[in-house]
Amino acid sequence: MDGQFRSLIFQTFGEVFETMFFTFLEPVDEVPGPEALVCDDTYIRADIVYQGPQSGRFTIYLPKRLARNVTMNFLGADEADISDEQMLDTAKEATNMAVGSLLGKIDPAGESKLNIPEATILDQFSGAEIASEPGAFLFDTDFGRLWVVFS
Amino acid sequence: MAFNILVADDSATMRAVIKKTVEMAGVPVGSFFEAAHGKEALEILENDWIDVILSDINMPVMGGMELLREVAGNDDFRRIPLIFITTESSEARMDEARRLGAAGYVRKPFQPESIKKILYEVLEKAYQHKVEAPSQPAAVSEDDMDF
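As you go down the protein sequences, you meet chains A and B in turn.
Counting in the numbering used here, the first sequence runs from 806 upward without gaps.
Counting in the numbering used here, the second sequence runs from 83 upward without gaps.
None of these hints come from the bench; they were simulated from the model.
Since the structure is predicted, the reported quantities are computational estimates derived from the model, not experimental observations.
Treat the hints loosely; a few may be bogus.
Said to hold, decoys possible - Here are the simulated distance ranges between beta carbons:
#1 A:Asp947 - B:Val143: 51 to 59 Å
#2 A:Glu823 - B:Lys121: 32 to 40 Å
#3 B:Val143 - A:Thr925: 20 to 28 Å
#4 B:Arg161 - A:Glu934: 26 to 34 Å
#5 B:Asp130 - A:Phe810: 27 to 35 Å
#6 B:Asn129 - A:Pro939: 31 to 39 Å
#7 B:Asp158 - A:Gln929: 51 to 59 Å
#8 A:Pro839 - B:Asn86: 33 to 41 Å
Unchecked claim - Not close to chain A: a few residues of chain B, all C-beta gaps over 10 Å, as computed:
#9 Lys102
#10 Ala107
#11 Val111
#12 Gly112
#13 Pro142
#14 Glu152
#15 Asp158
#16 Arg160
#17 Glu173
#18 Arg175
#19 Lys190
Unchecked claim - Interface residues of chain B toward chain A, partial, derived using beta-carbon atoms under 8 Å:
#20 Ser93
#21 Ala98
#22 Val99
#23 Asn140
#24 Thr169
#25 Ser172
#26 Gly183
#27 Gly186
#28 Val188
#29 Gln193
#30 Glu195
#31 Ser196
Note that CB positions come from ideal geometry on N, CA and C, so glycine has one too.
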């Protein structure tokens, strides 16, 4: 994966989370070792596939604490009013917006088409496993670590 | 004049955000209608008077482009301006939307100001009527202003 594409992913996800969710993503260039990736928060996974001359899948993994915060910011709602369903919906929308925005940059002719995003709350999550995937990108936030995996 | 606004988006959260954005923009709203996809939007159009449609493109069941074709091809609906609010960012797709008769589009992620600007422009053009924002939008609380 070339450095330009890597920078584009960091930049695009950062812009979307800042513009729509008022949340700052700090790209992590050097992924820490497995012992530093242990996390006790439940994670949400959101997926979106795009198809066309270029096809691929983006998966984001975000801790519920982060999902709750971005949903609060998105809706302008109080923490107590945020449901799991709203967090899943926001995770899907964030993925949709970030990958849609990225596609606009890598496929300006618009030949690739985004599918409908999906999201689920995970029973188990291992940051170390995600880190071993070749298309994994890591961001630090004030509310836990966000992973983006391109495959 | 108050406007009946229909928002079509498969994300309930995004519909709520758009509704709040429209309220904050001070657009005089009569009723606000919501649809999760194009087919639901058409059902609402059959039953209620709508002044403007704000629609996503990428939706299940019936997407925004198909909704636009249905609206443009219907004698009763083609008067209704349709604005896309979408992640679609290719110029080719937006050119197609314009050819089909879309009144405008806003790309997600969006700033609330961009929705306000296009909504006022489209409503004033469609209804030949200066849209006046109330000096104190009643539905907006101080918390909302953080958005």
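So, going through the hints one by one against the coordinates:
no.	hint	verdict
1	A:Asp947 - B:Val143: 51 to 59 Å	38 Å, violated
2	A:Glu823 - B:Lys121: 32 to 40 Å	35 Å, holds
3	B:Val143 - A:Thr925: 20 to 28 Å	21 Å, holds
4	B:Arg161 - A:Glu934: 26 to 34 Å	55 Å, violated
5	B:Asp130 - A:Phe810: 27 to 35 Å	46 Å, violated
6	B:Asn129 - A:Pro939: 31 to 39 Å	52 Å, violated
7	B:Asp158 - A:Gln929: 51 to 59 Å	53 Å, holds
8	A:Pro839 - B:Asn86: 33 to 41 Å	56 Å, violated
9	Lys102	6 Å, violated
10	Ala107	14 Å, holds
11	Val111	17 Å, holds
12	Gly112	23 Å, holds
13	Pro142	5 Å, violated
14	Glu152	20 Å, holds
15	Asp158	29 Å, holds
16	Arg160	25 Å, holds
17	Glu173	7 Å, violated
18	Arg175	4 Å, violated
19	Lys190	5 Å, violated
20	Ser93	5 Å, holds
21	Ala98	6 Å, holds
22	Val99	6 Å, holds
23	Asn140	6 Å, holds
24	Thr169	3 Å, holds
25	Ser172	2 Å, holds
26	Gly183	19 Å, violated
27	Gly186	17 Å, violated
28	Val188	12 Å, violated
29	Gln193	7 Å, holds
30	Glu195	12 Å, violated
31	Ser196	11 Å, violated
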